[in-house]
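Colleague: Residues per chain are reported as follows:
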Amino acid sequence: MTTTNRILLALSGLGMIALCVMLSLIPRESAQGFVQKIFYVHVPVAWVAFLAFGVTGYNGLRYLMTRDMKFDRVAAASAEIGVVYISLVLITGPLWAKPIWGIYWTWDLRLTTSFILWLLYLAYLILRRSVDDRERRAQLSAVVGLISFLDVPIVYMANRVKASQHPAPVVGGGENSGLAPEFLATLLIGIFAFTVTYALLLRLRNQQARIEDRIEDLYLARG
Amino acid sequence: MFRKTMPILLFLIALGLTIAPVALAQDYGAGDEAWKPKENFWWLFASYAVIWVALFGYVARVAGKQQTLERELKRLEQDQVK
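Chains as they are written, first to last, in the working numbering: chain S, 16 to 238; chain F, 58 to 139.
Derived from the structure by calculation, the hints contain no laboratory data. On a predicted model such as this, the values are computed, not experimentally measured, just so you know. Built from N, CA and C at the ideal position, the CB exists for glycine as well. Among the hints, erroneous ones may be present.
Unchecked claim - Some, not all, of what chain F presents toward chain S, calculated at C-beta under 8 Å: (1) Leu72; (2) Ala77; (3) Phe98; (4) Trp100; (5) Ala103; (6) Ser104; (7) Val107; (8) Val110; (9) Ala111; (10) Glu127; (11) Gln135; (12) Val138.
Only chain S is shown next, with the shape it has when bound in the complex (with noise of 0.2 Å):
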């Protein structure tokens, strides 16, 4: 394991470790009570989610312009990643839906686009898994990761603009948003444990696609 790995792996333990202190000492909120807690991993995973999908296509657009196959290992490693994020996104969702709204799911615009961003990068992958060419399959995805992400601005702005079964948003959501600083200090903490995470699996799963590039090659030269 590298220096880097190491670091962003100690990072990501005092992390967790202070992400898991601060969720037992916060006190609990007095409209939705024990179960509010969710909100402090909900989140973070949600926006770790977007990052990843911006990743991707930040890279995908690098590797139509340089057609480099580094930027196409990183696109496609951070779209995994994506996908195991908004995946724990739609788990948790429901779970915290449940007790407060009665439901698991509804159809309005933020939930639907949410569902619809897991769908799209699903289909990066299973894309990916069924191209052969290299090329080619590093074009179709850079492409593909460029349109999907258009996605994440919409899953973003959905209760915005439109009110919606969703909460509105208490960070950054106008003048009667805002979160009380021991509230606000969990969230950073859950953002920043999730984040350094996220930087080391890309770090792993890159080298590991590094790894896997270096195979194709060996056995396409044995024939």
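Following the hints, position chain F against chain S.
Modeller: Same frame as chain S, now just chain F:
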């Protein structure tokens, strides 16, 4: 050895991260008692469990794949030398 023990270790860490905040937070803080703490306990527990088990499961899978790929690469490179 490490490959066998790592999933167990990650599972135990995930379990700790799930149980500790839920257990410690139960009686802490004031608030409206109208909500049902015992019922809500399971939703919170399930959410944390899903997050940590999925995340550490993915980390274990990535680490396991790394070792498999390195072994295969080494074998192919040795074959090439021969």
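Colleague: Work down the list of hints and note, for each, if the structure agrees.
Modeller: Evaluated hints:
1. Leu72: This hint is violated: Leu72(F) lies away from chain S, its Cβ roughly 12 Å from the closest one there, beyond 8 Å.
2. Ala77: 6 Å, holds
3. Phe98: Because about 7 Å separates Phe98(F) from the closest Cβ in chain S, which is inside the 8 Å limit, the hint holds.
4. Trp100: 5 Å, holds
5. Ala103: 5 Å, holds
6. Ser104: OK, holds: Ser104(F) within 8 Å of chain S, min 5 Å.
7. Val107: 5 Å, holds
8. Val110: With a minimum Cβ separation of about 10 Å from chain S (threshold 8 Å), the hint on Val110(F) is violated.
9. Ala111: With Cβ-Cβ at 6 Å, under 8 Å, it holds.
10. Glu127: Holds. Min distance 7 Å.
11. Gln135: The hint is violated - Gln135(F) has no Cβ within 8 Å of chain S, the shortest such distance being about 11 Å.
12. Val138: Violated, about 11 Å.
The earlier numbered hints that this structure contradicts are 1, 8, 11 and 12.
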